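Visitor: Sequence:
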Amino acid sequence: MLIDSHCHLNMLTEQDVAIKNAIANGVKSMLTISTNLTEFPEICTITQKYSNIFSSVGVHPTAVANYQHVSAELLSDLAQNPKTVAIGETGLDYFHNSSNEHKLLQKKIFIEHIKAAHITKLPVIVHTRDAEHDTYEILCNACKKYDFKAVIHCFTASKDFAIKMLELGIYISVSGIITFKNAENLRKTIYDMPMSSLLIETDSPYLALYLCEAKKMNQRI
Numbered sequence: 001m002l003i004d005s006h007c008h009l010n011m012l013t014e015q016d017v018a019i020k021n022a023i024a025n026g027v028k029s030m031l032t033i034s035t036n037l038t039e040f041p042e043i044c045t046i047t048q049k050y051s052n053i054f055s056s057v058g059v060h061p062t063a064v065a066n067y068q069h070v071s072a073e074l075l076s077d078l079a080q081n082p083k084t085v086a087i088g089e090t091g092l093d094y095f096h097n098s099s100n101e102h103k104l105l106q107k108k109i110f111i112e113h114i115k116a117a118h119i120t121k122l123p124v125i126v127h128t129r130d131a132e133h134d135t136y137e138i139l140c141n142a143c144k145k146y147d148f149k150a151v152i153h154c155f156t157a158s159k160d161f162a163i164k165m166l167e168l169g170i171y172i173s174v175s176g177i178i179t180f181k182n183a184e185n186l187r188k189t190i191y192d193m194p195m196s197s198l199l200i201e202t203d204s205p206y207l208a209l210y211l212c213e214a215k216k217m218n219q220r221i
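For the sequence shown, the residue numbers in full-length UniProt numbering are 1 to 221.
By construction, these hints were calculated from the structure, which means they are not laboratory data. Take these hints with a grain of salt, some might be off.
[To be verified] Mimicking DSS-like on lysine-lysine, the simulated pairs with C-alpha atoms at most 25 Å apart in a straight line are:
(1) Lys28 - Lys145
(2) Lys159 - Lys149
(3) Lys159 - Lys103
(4) Lys103 - Lys49
(5) Lys145 - Lys108
(6) Lys149 - Lys181
(7) Lys49 - Lys107
(8) Lys103 - Lys83
[Stated by the list, open to error] Pairwise CB distance ranges, derived in the manner of DEER restraints:
(9) Leu168 - Gln68: 24 to 30 Å
(10) Glu167 - Thr45: 20 to 26 Å
(11) Pro41 - Lys20: 21 to 27 Å
(12) Met195 - Asn25: 33 to 39 Å
(13) Ser71 - Lys188: 29 to 35 Å
Computed from a prediction, not measured in an experiment: that's the story for all the values here. Idealized CB from N, CA, C, for every residue including glycine.
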């Protein structure tokens with residue numbers, strides 16, 4: 001049985017076709033991910049339509065400027081939706097905006113998501129890009145304060161970072177990037193990871209497999 005642990009069904013052009021094709025090809029369940037609170041009602045509508053589709057609730061680090069007052073309490077309240085099974089996607093992304101002000105805001109909102117994960121006992125989905133040190137520092141400190149589970153989604157970081165995550169009991173999710181020609185180091189890193197700590201995802205519709213046309217990725221999760 002295959003489970004797509006991270007996709008964005010609300011962003012697909014042909015949702016029903018994509019979902020039916022995924023099921024026909026062995027994907028039995030999907031987690032459709034929230035990147036902002038505005039889209040959350042639409043995501044909930046999708047999960048209500050399909051018994052095998054579940055959601056997360058959260059604010060992507062590149063969207064935090066529009067949700068500066070997001071709190072653990074608000075996220076926890078939204079997570080009471082019966083088909084919401086995770087908090088996020090949250091984390092740190094310094095690739096798109098590396099200003100000190102934005103970094104501080106990202107960190108603040110990230111910690112609120114972790115608190116929400118602690119309150120709800122739901123796992124937190126972590127995005128990290130060009131921010132390994134700060135991501136590790138926040139997760140390491142949070143593990144001392146809060147009881148929560150986490151996964152690093154679409155993992156592309158260093159082997160050292162992967163080892164640190166495993167030491168914290170944090171899962172690693174692998175996407176189609178692992179099929180890219182230039183992903184040899186990533187493949188070597190993942191090869192050394194225990195299967196019990198790995199998840200798989202498509203991050204659809206953002207990512208395509210190597211040699212697959214991105215425009216066709218809506219057709220099969």
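Visitor: For the pair supplied as a hint, lysine 49 and lysine 107, confirm whether the alpha-carbon distance does not exceed 25 Å.
Guide: Answer violated: lysine 49 to lysine 107 is near 34 Å, above 25 Å.
Visitor: Within a Cα-Cα threshold of 25 Å, do lysine 145 and lysine 108 meet the stated pairing?
Guide: holds, 15 Å
Visitor: Could one say that the CB atoms of methionine 195 and asparagine 25 fall in the range 33 to 39 Å?
Guide: violated, 22 Å
Visitor: Given the hint that lysine 103 pairs with lysine 83, test it: the Cα-Cα distance must not exceed 25 Å.
Guide: violated, 31 Å
Visitor: Compare the distance between the alpha carbons of lysine 159 and lysine 103 with 25 Å, and conclude whether the hinted pair is satisfied.
Guide: holds, 24 Å
Visitor: Taking only the CA atoms, is the gap from lysine 103 to lysine 49 under or equal to 25 Å?
Guide: violated, 37 Å
Visitor: Is the hinted range of 21 to 27 Å satisfied by the C-beta distance from proline 41 to lysine 20?
Guide: holds, 23 Å
Visitor: Is 29 to 35 Å respected by the C-beta to C-beta distance linking serine 71 and lysine 188?
Guide: Distance hint for serine 71, lysine 188 is violated at roughly 40 Å.
Visitor: Return holds or violated for the Cβ distance of leucine 168 and glutamine 68 against the range 24 to 30 Å.
Guide: holds, 28 Å
Visitor: Holds or violated: 20 to 26 Å for the Cβ distance of glutamate 167 and threonine 45?
Guide: violated, 39 Å
Visitor: Has the given pair, lysine 149 with lysine 181, been kept, meaning a C-alpha gap of at most 25 Å?
Guide: Given pair lysine 149, lysine 181 is violated - Cα atoms ~32 Å apart, limit 25 Å.
Visitor: Within a Cα-Cα threshold of 25 Å, do lysine 159 and lysine 149 meet the stated pairing?
Guide: holds, 20 Å
Of the numbered hints stated above, those contradicted by the structure are hints 1, 4, 6, 7, 8, 10, 12, 13, listed in ascending order.
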